[in-house]
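> Start counting the sequence shown at 292; every next residue gets the next number (this note's numbering).
Because the hints were derived from the structure by calculation, they are not lab data.
Derived Cβ-Cβ restraints for the label pairs, each shown as a range:
1) 362 with 615: 54 to 62 Å
2) 574 with 623: 35 to 43 Å
3) 498 with 615: 36 to 44 Å
4) 474 with 573: 22 to 30 Å
C-beta: ideal position from N, C-alpha, C; glycine also.
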Amino acid sequence: MGLTSNPNFQNLEKWFKSNAASLNMRQMFEADKNQFQKFRYFNAFWDGLLIDYVIHFFLCCTFHSQARSGGVEASRDQMFSGEQIHFTEGRAVLHVALSNRSNTFINVDGKDVMPEVNKALEKMKVFCHPKVKYFRIDPENMFEFWDWVGGRYSLVCPSLFISQSLHKPLNLHLWQDTHFRTAPVDQNAPVLLALLDIWYISVFQVETHCLLPYDQYMHRFAAYFQQGDMESNGKYITTEGNRLNYHTGPIVWEEPGTNGQHAFYQLIHQGTRMVPADFLIPAQSQHPIRNNLHHKILVTNFLAQTEALMKGKTTEEAKKELEAGGLSGEKLERILPHKVRT
Numbered sequence: 292m293g294l295t296s297n298p299n300f301q302n303l304e305k306w307f308k309s310n311a312a313s314l315n316m317r318q319m320f321e322a323d324k325n326q327f328q329k330f331r332y333f334n335a336f337w338d339g340l341l342i343d344y345v346i347h348f349f350l351c352c353t354f355h356s357q358a359r360s361g362g363v364e365a366s367r368d369q370m371f372s373g374e375q376i377h378f379t380e381g382r383a384v385l386h387v388a389l390s391n392r393s394n395t396f397i398n399v400d401g402k403d404v405m406p407e408v409n410k411a412l413e414k415m416k417v418f419c420h421p422k423v424k425y426f427r428i429d430p431e432n433m434f435e436f437w438d439w440v441g442g443r444y445s446l447v448c449p450s451l452f453i454s455q456s457l458h459k460p461l462n463l464h465l466w467q468d469t470h471f472r473t474a475p476v477d478q479n480a481p482v483l484l485a486l487l488d489i490w491y492i493s494v495f496q497v498e499t500h501c502l503l504p505y506d507q508y509m510h511r512f513a514a515y516f517q518q519g520d521m522e523s524n525g526k527y528i529t530t531e532g533n534r535l536n537y538h539t540g541p542i543v544w545e546e547p548g549t550n551g552q553h554a555f556y557q558l559i560h561q562g563t564r565m566v567p568a569d570f571l572i573p574a575q576s577q578h579p580i581r582n583n584l585h586h587k588i589l590v591t592n593f594l595a596q597t598e599a600l601m602k603g604k605t606t607e608e609a610k611k612e613l614e615a616g617g618l619s620g621e622k623l624e625r626i627l628p629h630k631v632r633t
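All chains should be built: construct the whole structure from the sequences, respecting the hints.
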């Protein structure tokens, strides 16, 4: 079933047409003070991961129905079972096998691939210690690439694994893969975030998705989503060969937050188009300089920007601020419209 012919999606469109003009994020938030408890995902893995989508236009029940009726769970199970879902190249899509430290059976063409994966990973561990000279590589030190893992999938492909931190990304992937595989759609973080994308792209008709990490180490974070979203969804036809009558993916872009604040946040706050934005920040700094003062200031900026985008600023609020700053009369009226954020 195509997206636009899905009754649940049609209900979303009907709801939007009836309510779009009156949508107000601040009013929605103030009407239900418990939204943070309902519209968030938290996992205590390592030091904890919190995904807060409370300041998105989120319609929980309708979204969950959309995921189920759209076959998300069935497609997910096909991937984990090793079916050739990459049908244009006749391949399975099993990046999840490389992070499968639980050694759960993963089938490809009737064969469990985990013994081969473990063998390759063990070679990598041994290979890290001896010094290889002039590219005279012993066959025992050659790492295998399988056709069900793309070489450019750099977070889990063998080319990244030659490091002392080998098992950290593997364990993180295993945790996320297990969550995606086992969590119901109404508690499944990747599914919920994907549904928000569909909502904004196909109903609100937005064109971009902005990622704003408040951490310089994440300055290339969006590049992974550009491949995962823009390449994976970058076609005009369905898997059945039918031409699409809706948009399949946004243009993903980013900038570290402190630089973006002085570069393009003006357009997000006061521009003429809607720009869905995801803000990201580590709870703890890797460099707690001056008793972590720098990071505390960074967190303050992070929280202030998200609150400002959620609330906006009414004409009355802007007028009070200008009056408090000593403005009045014609000068106040001239500047006032430039301070309002709707």
